[in-house]
Amino acid sequence: MNGIKINGYEIKRKLGEGGMAEVFYTETQLGSPAALKVLRPELSAVENLRLRFEQEAQVMAKLSHPNIRRVLDITEHDSRPVILMEYLSGQDLGAYVQERGALSPEIATALWEQAVSALQFAHSEGIIHRDVKPSNFFLTDTGSLKLLDFGIAKAADQLVQTMTGQQMGTVLYMSPEQIKDPKRVTKATDYYSLGVTFHHLLTGQPPYDITKASRFAIQTKIIQEELDLFKVPVRWRDCLSACLEKKPARRQLYKQVKKSPSNKSVVHQSDLTLIEETEEKVSEKKSLLNSQITTKPPTSIWVTLGLIALFASAVSFIYVWFIENEYQPAFIQELERNMVRVEGSTFMMGCTSEQGDDCFDDEEPTHRIELGSYQIGKYEVTQAQWEAIMGSNPSKFSDCPTCPVEQVSWDDVQDFLKKLNSLTGRRYRLPTEAEWEYAARGGNSSQGYKYSGSNTLGTVGWYGGNSGNETHPVGQKTSNELGLYDMTGNVWEWCSDWYNSDYYNSSPVRNPKGPTTGSSRVLRGGGWHFNSRFCRTSNRSSGSSGDHGDNLGFRLAAAP
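According to our numbering, the stretch in the sequence shown is residues 1 to 560, in order.
Hints are computed from structural coordinates only; laboratory data are not their basis.
Among the hints, a few may not be true.
Computed list of lysine to aspartate or glutamate pairs in EDC-like fashion (alpha-carbon distance at most 20 Å, straight line) [said to hold, decoys possible]:
{"id": "1", "residue 1": "5", "residue 2": "76"}
{"id": "2", "residue 1": "14", "residue 2": "73"}
{"id": "3", "residue 1": "513", "residue 2": "364"}
{"id": "4", "residue 1": "513", "residue 2": "411"}
{"id": "5", "residue 1": "62", "residue 2": "73"}
{"id": "6", "residue 1": "62", "residue 2": "86"}
{"id": "7", "residue 1": "450", "residue 2": "336"}
{"id": "8", "residue 1": "14", "residue 2": "86"}
{"id": "9", "residue 1": "180", "residue 2": "225"}
{"id": "10", "residue 1": "180", "residue 2": "362"}
{"id": "11", "residue 1": "14", "residue 2": "113"}
{"id": "12", "residue 1": "5", "residue 2": "92"}
Label-pair distances were calculated between CB atoms; the ranges are [unchecked claim]:
{"id": "13", "residue 1": "110", "residue 2": "41", "range": "35 to 43 Å"}
{"id": "14", "residue 1": "64", "residue 2": "14", "range": "35 to 43 Å"}
{"id": "15", "residue 1": "448", "residue 2": "100", "range": "23 to 31 Å"}
{"id": "16", "residue 1": "515", "residue 2": "43", "range": "23 to 31 Å"}
Keep in mind that this is a model prediction, so the values were computed, not measured.
Glycine is no exception: its CB is placed at the ideal position from the N, C-alpha and C atoms.
Generate coordinates for the entire structure from the input sequences, incorporating the hints supplied.
What follows is the structure, given as structure tokens:
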């Protein structure tokens, strides 16, 4: 496009491009450098994307601040919207740290104050950024920091246009509440993302390794686990921990970072004395322990130990006999009784009309699927059932035998299936993703509900709005049209397929089994701490085959 004039601005050269737009260098009529951001031609015809792009210009135009990139004008060229903006020479902080390593605490302190100033000004104008991350901060050649890309910003009093169903933002820097419900965010969301951003800048590494952890695993960590501040300089920890509170109402944004103390730390004589005394006591305890270990125990102890071993052997024999001859057959009969036959048919898989505007991109395009008949479990596999086969219970909520087993990975489930099939002579397996969705929709008895069995989530599932932050015994909610329980909520359920966000574009029509390879496995159904959007029948997620979590479980499938 070099040489082309757009509203009097001649394009000199291309500066770069992203997923939505190309950026070119130009000059104003007075000869000042400027940049033209032009929406890609294939996206300009998509109404909601065009609105989102134009929204960015409108948002940035009202934000006049030295640490926010200025928008000078908005126009159009060849039916493509164009934003004229301030030209910046330098490098974004994501690229800067990748190239040069972690920021020094001193440089980071100066940049922090500029970043806070930019965000607080945006918030005072009713704008929430929602995508604060290293690459959206630009360090100019003069050392000034500029906040970029308000393309997914949210006006506090009005939801900005976004791509239908898309979870906005970058997952590594998202806040817990942004993951749970992207539509309900506040300025505290930006606080959290700023804290994660500076954790990255100060350590030189992103907070999570996207090459080793799945999107689902990262989202779960953000919701449930504290970000480790051990590698962050000590004087930064209070500042970042205030931003990284899990509850938005408890977050604070410090304008300045605590200054380094000028005096060196001094160890007083009293402290040295205490250390010496402590070490002496530890040495005495070690000597005493060693003497107790090396001293030969009296004969009576050997007799006692022998009786204990004999008793344990007898108990073990009785337990094994009981399991093999009494408990397991009853358990197997229970499994058999609770397998529901699903008659094969044709259905539309993916983002169908009853899902409304809640669909994510990986649920599209909607496509026709033909399935043969199969069986699927009426309930999620319980803790008692898992323990009967595996001999132990890995669940976090382990005081509930009739609750679904959780903290089981896809790989763990394969071990369970091998043992179960060896014991029964059957071929139990995980359902394919298509089988799971068809069954969740109610099979050929489907009434077209948004959730599995109802349009009211609370009647059919345990989720973030009613679970009390724990799992519940299976079968307590209303079943769906096929008599299946908890396919919505309680725990996410593993499917047999590899996950691929683009698989729907090339999926086989008849009995699809998913991609032939991948890096993660499909999860379906939502869980006890997720919101309603994640519990819909068409919603998809994924996890690495080794992922464990207190919201990961499964149900069985088998041939008819």
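Check: Has the given pair, residue 62 with residue 73, been kept, meaning a C-alpha gap of at most 20 Å?
Finding: holds, 12 Å
Notebook entry, point to check: Does the Cβ-Cβ separation between residue 64 and residue 14 fall within 35 to 43 Å?
Noted result: violated, 28 Å
Margin query: With the threshold set at 20 Å, check whether the alpha-carbon distance from residue 14 to residue 73 stays at or below it.
Written below: The hint holds at about 19 Å.
Margin query: Run the distance test for residue 513 versus residue 364: straight-line Cα separation, threshold 20 Å.
Written below: Since the Cα atoms of residue 513 and residue 364 sit roughly 17 Å apart, the hinted pair holds (cutoff 20 Å).
Notebook entry, point to check: Given the proposed pairing of residue 14 with residue 113, does the C-alpha separation stay at or below 20 Å?
Noted result: violated, 32 Å
Note to self: Does residue 411 sit within 20 Å of residue 513, going by the straight-line distance between their CA atoms?
What the structure shows: holds, 18 Å
Notebook entry, point to check: Is the distance from the Cβ of residue 515 to the Cβ of residue 43 consistent with 23 to 31 Å?
Noted result: holds, 27 Å
Item checked: residue 180 paired with residue 225 [C-alpha distance capped at 20 Å] -> Holds - the C-alpha atoms of residue 225 and residue 180 are around 15 Å apart, at most 20 Å.
Note to self: For a C-alpha distance cap of 20 Å, please report whether residue 5 and residue 76 respect it.
What the structure shows: Given that 20 Å is the threshold and the Cα spacing comes to 11 Å, the pair holds.
Notebook entry, point to check: Regarding the pair residue 14 and residue 86, is the alpha-carbon distance no greater than 20 Å?
Noted result: Holds, at roughly 15 Å.
Next item on the list: Using the beta carbons of residue 110 and residue 41, state whether their distance is inside 35 to 43 Å or not.
Entry: Once the Cβ atoms are compared, 41 Å apart, the range 35 to 43 Å for residue 41 and residue 110 holds.
Margin query: Against the 20 Å threshold, does the CA-CA distance of residue 5 and residue 92 hold or violate the hint?
Written below: violated, 28 Å
Of the numbered hints given earlier, the model fails hints 7, 11, 12, 14, 15; all others are met.
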